[in-house]
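Asker: Residue-level listing of the chains:
There are 2 protein chains.
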Amino acid sequence: MFQKRLFHSSKFVLNRALTPLTHVKHPEFQRNPAFSKITNKDVDFFKTVLAPNNIVHESDPESVNMIQYNTDWFNLYRGSSSLCLFPTTTDQVSQILKYCNKQRLAVVPQGGNTGVSGGAIPVFDEIIVNTSKMNKIRHFDAVSGAAVVDCGVVLEVLDQYLEPKGYTVPLDLGAKGSCQLGGNVSTNAGGLRLMRFGNLHGNVLGLEVVLPDGTILENLSTLRKDNTGYDLKQLFIGAEGTLGLVTGVSLLTPRRPKAVNVAMVGLDSFEDVQKAFVMAKEDLSEILSAFEFWDGDSVGVVKSQMMQDVNYPIDGEHAFYALLETQGSKQEHDQEKLDEYLGRLLENGVAKDGVMAQDAKQVNSLWGWREKIPESISKSGTAMTYDVAMEVPLLYKMVEDAKKHFGEKNQLGPGKLYSNLLGFGHVGDGNLHIMANLDGFDNHGQEAMDEFVFSWAMKNNGSITAEHGVGVSKVNYMNRAKSPVQLALMRTLKNAIDPNGIMNPYKVIPEH
Amino acid sequence: MFQKRLFHSSKFVLNRALTPLTHVKHPEFQRNPAFSKITNKDVDFFKTVLAPNNIVHESDPESVNMIQYNTDWFNLYRGSSSLCLFPTTTDQVSQILKYCNKQRLAVVPQGGNTGVSGGAIPVFDEIIVNTSKMNKIRHFDAVSGAAVVDCGVVLEVLDQYLEPKGYTVPLDLGAKGSCQLGGNVSTNAGGLRLMRFGNLHGNVLGLEVVLPDGTILENLSTLRKDNTGYDLKQLFIGAEGTLGLVTGVSLLTPRRPKAVNVAMVGLDSFEDVQKAFVMAKEDLSEILSAFEFWDGDSVGVVKSQMMQDVNYPIDGEHAFYALLETQGSKQEHDQEKLDEYLGRLLENGVAKDGVMAQDAKQVNSLWGWREKIPESISKSGTAMTYDVAMEVPLLYKMVEDAKKHFGEKNQLGPGKLYSNLLGFGHVGDGNLHIMANLDGFDNHGQEAMDEFVFSWAMKNNGSITAEHGVGVSKVNYMNRAKSPVQLALMRTLKNAIDPNGIMNPYKVIPEH
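Those protein sequences? They're chains D and R, same order as listed.
Heads up, the first sequence is in UniProt numbering, so the first residue is 1 and it goes up one at a time.
Heads up, the second sequence is in UniProt numbering, so the first residue is 1 and it goes up one at a time.
Take the hints with a grain of salt, since some may be wrong.
Note that identical chains are pooled: a pair holds if it fits in a single copy or bridges any two copies.
[What the hints assert, rightly or not] Straight-line distance between alpha carbons at most 25 angstroms, and here's what the computed BS3-like set of lysine-lysine pairs gives:
(1) K379 x K403
(2) K165 x K275
(3) K303 x K361
(4) K403 x K275
(5) K165 x K281
(6) K258 x K275
(7) K258 x K459
(8) K102 x K37
(9) K459 x K409
(10) K281 x K352
Derived by calculation from the structure, the hints in this document are not laboratory data.
It should be emphasised that the depicted structure is a prediction, and the values quoted were computed from it without experimental measurement.
Kindly produce the complete structure, drawing on both the sequences and the hints.
Answerer: Pasting the structure below:
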């Protein structure tokens, strides 16, 4: 029905200075000596499994062929793998992992490389298993809406496939043009419409996973309900590739909405944003599909970086903006509900101004202003991104406190340590994204912001990662974020399923 | 807004002949000699943990005090425990399990005892840990809708608590007046509105679980999103108490609908039921909250057992009936959508007749006819209940094939081996309940029906249990229902978390 502009492209990686190696920036990561180093004999084995054009092997990890797989899009993490494999079948993945497990070769699974926690990037010389060439849509059932796909199918490609069939994907995120279903599942991706369709733990019907020893766990059920024993697929949703490599996904897809309406409003305070949200739940209830907010500073960055000659949809300057979307089956009903809601917002002075999209083009345009925020801050320099969850009333207080904290240290503003600091997010999910531009690759600056944000979240019973995952970026905070009992149980699971620890080491669960 | 009549009461248990002991009926279950037998020393220890009125200890498992905990409501499973414990706090549960684990005493967790697979009933002399006295609602957040409750809170009690706050529970089942949240979570209960709100893997925000060694896993998050490491709670959802005892539940509750509409239609064939369902998804989309069906034989049993003097809501006799419910935020919009839908159904000849509830009382009354089906067949004699999932087009074919199969053997009909055989279920979830009355406790008859139903489901890529769980009733079919890889991974998890195997032994995962 409508598509989003994508805010990233692999070209970014190639035209910029390289970020320092992750293990140099974070010397607390030590290469596990139990892992073997890749030899020519190993490469020879992989040549018996994969066609020559599905192996990239370069002794120099910074070579033009390898660097795009050794670096993340945000340019914050870098590894030094010399080998990237592109299996095309589940059986090939099985042969690769079986061999690596036997030879104690560490592996990092990589999908669309759109993650922002460094989870899909090697820390040292792990073999990259990239799933981009496993990209078949295997099966779709138009009665139940169950779609069975290869792990490497791009989210937007699946959505375009579903469109003429009257279905859509139950998750949507800015990276939809590059991110892959296997990565979405492995990171338990949330995104823009989680409040409507729920999370992947509810929407994934089945998975095919290659376990660390090469065993194929085939469980691509298309049934909506199945209580025969432990729900094994749940283990791998959000495990960030540390328990196995997801090769196939069976996903429940909802009916494509017949009507989509989008409105943007300007508000004076985060209190008013909350009021607008509670009123939206009351008035729009079952048709409310997204409730996003951002602050005035976000608008400034977008305008300066990307949209200098374009007028903002709402006149004047507001402290906060909210975008809300409805999806329903009858345009005139939804429009009536939305009109009444917006009327109530303005009458009660909760919103100061507002605009409603009149057609699909305007729907795109309004969403564009929201989606350009992360892209713009990335264009402004080295970008740090955070993703915390808290109870809604506290959501923006973190940004205010950060501004105060770093402002008092004279570190915030043009030309200073942090040139920009802004907040936006998914109000409906209690999920805040806080982003900041860092002066160059100042490691101390990054650590200080990490410490502030993560400590604040933990102190306030929040989560240090609502949807982005732990990867390498938060693994050193896990001992503070989780209880010893929780960490012990995570380790029990990891050791039981991956006793040699070859799958995505150094990530998610801290060593000690 | 509206309440359901409950179809069961513990009085049933007391006024009927006892079913044979499970291990007598199924001699393939052998008591595991690694488990200790309960001694007076053990009981003395439990007396130091629990108040005297929270321990039931009777040397005779058939004594009036013990029998209700040794038997299930459907009167199909019976154990011979001599000890039932009623902890009131998580700490007490922890002390109990720690002791049992050390002493190798086997434990069966029991909630409202409304399960139908024998999962909450001892097979031999397992200690029953009954959660009925852990029944506090701990916390409710009216902004997010997160409710944190003790495991023993009854589903309907929580719903009544939420009603004045404008929220409701996201699951609803016939047993709501007795079933407990801990049991709902442990069996991954589905029920009547799963198609609208999704399953518990999506709606449970956090759990508190006592692990088999007594360790308390505290993870009662109220956050909607949290990707910090493995999502441990998922392990215990649907594990039927074999990995630990769920003591606390944090549940995301949705807004209570402002408008509820219910219609019942009569149809000529299951083809027409499917057509009506697809049209409902098209026309009612986001407001469709339930789509149930049953066959003409179900009506016969209800009328003969319970409603002899009451007219059926729809005149004449129809081969099939469907009940559909909408839940929305604006009565006139929902009514208009439903009117148009029902008009289309009748015009196209998909439905032959229909009736719409005009008020809350009629809503109750129409639901009553659906909910009385299992109660009526239980009143008709020994009742067997099955719960299979399949792709929707095959859903009723199983019942037709069963009728043909047992009819040809002259085993179906009044006074024969199976006096009734009927089908009903949740079309929206591809979930069929097939129920039959058995002549007395004829074990061969039960086994023959098990074999027919389960084989049919497996042959047709279905599930042998969509929502009821494995318990003891299906454990002997698990080797056929699941692959060796799936079973091996289940055993790996079980051994890693419960190495002594004390939690709910003999259930869910087959020994060999």
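Asker: Against this structure, judge whether each hint is valid.
Answerer: Results for each hint:
1. K379 x K403: Within one copy only: 21 angstroms inside, 68 angstroms across.
2. K165 x K275: between (38 angstroms within a copy, 17 angstroms between copies)
3. K303 x K361: Classified as within; 20 angstroms inside a copy, 57 angstroms across copies.
4. K403 x K275: within (24 angstroms within a copy, 58 angstroms between copies)
5. K165 x K281: between (30 angstroms within a copy, 14 angstroms between copies)
6. K258 x K275: between (28 angstroms within a copy, 20 angstroms between copies)
7. K258 x K459: neither (43 angstroms within a copy, 37 angstroms between copies)
8. K102 x K37: This pair counts as within: shortest intra-copy Cα distance 13 angstroms, inter-copy 44 angstroms.
9. K459 x K409: Intra 22 angstroms, inter 69 angstroms, cutoff 25 angstroms: intra-copy only.
10. K281 x K352: For K281 and K352, only the intra-copy Cα distance (19 angstroms) is at most 25 angstroms; the inter-copy one is 38 angstroms.
Of the numbered hints listed earlier, the single one contradicted by the structure is hint 7.
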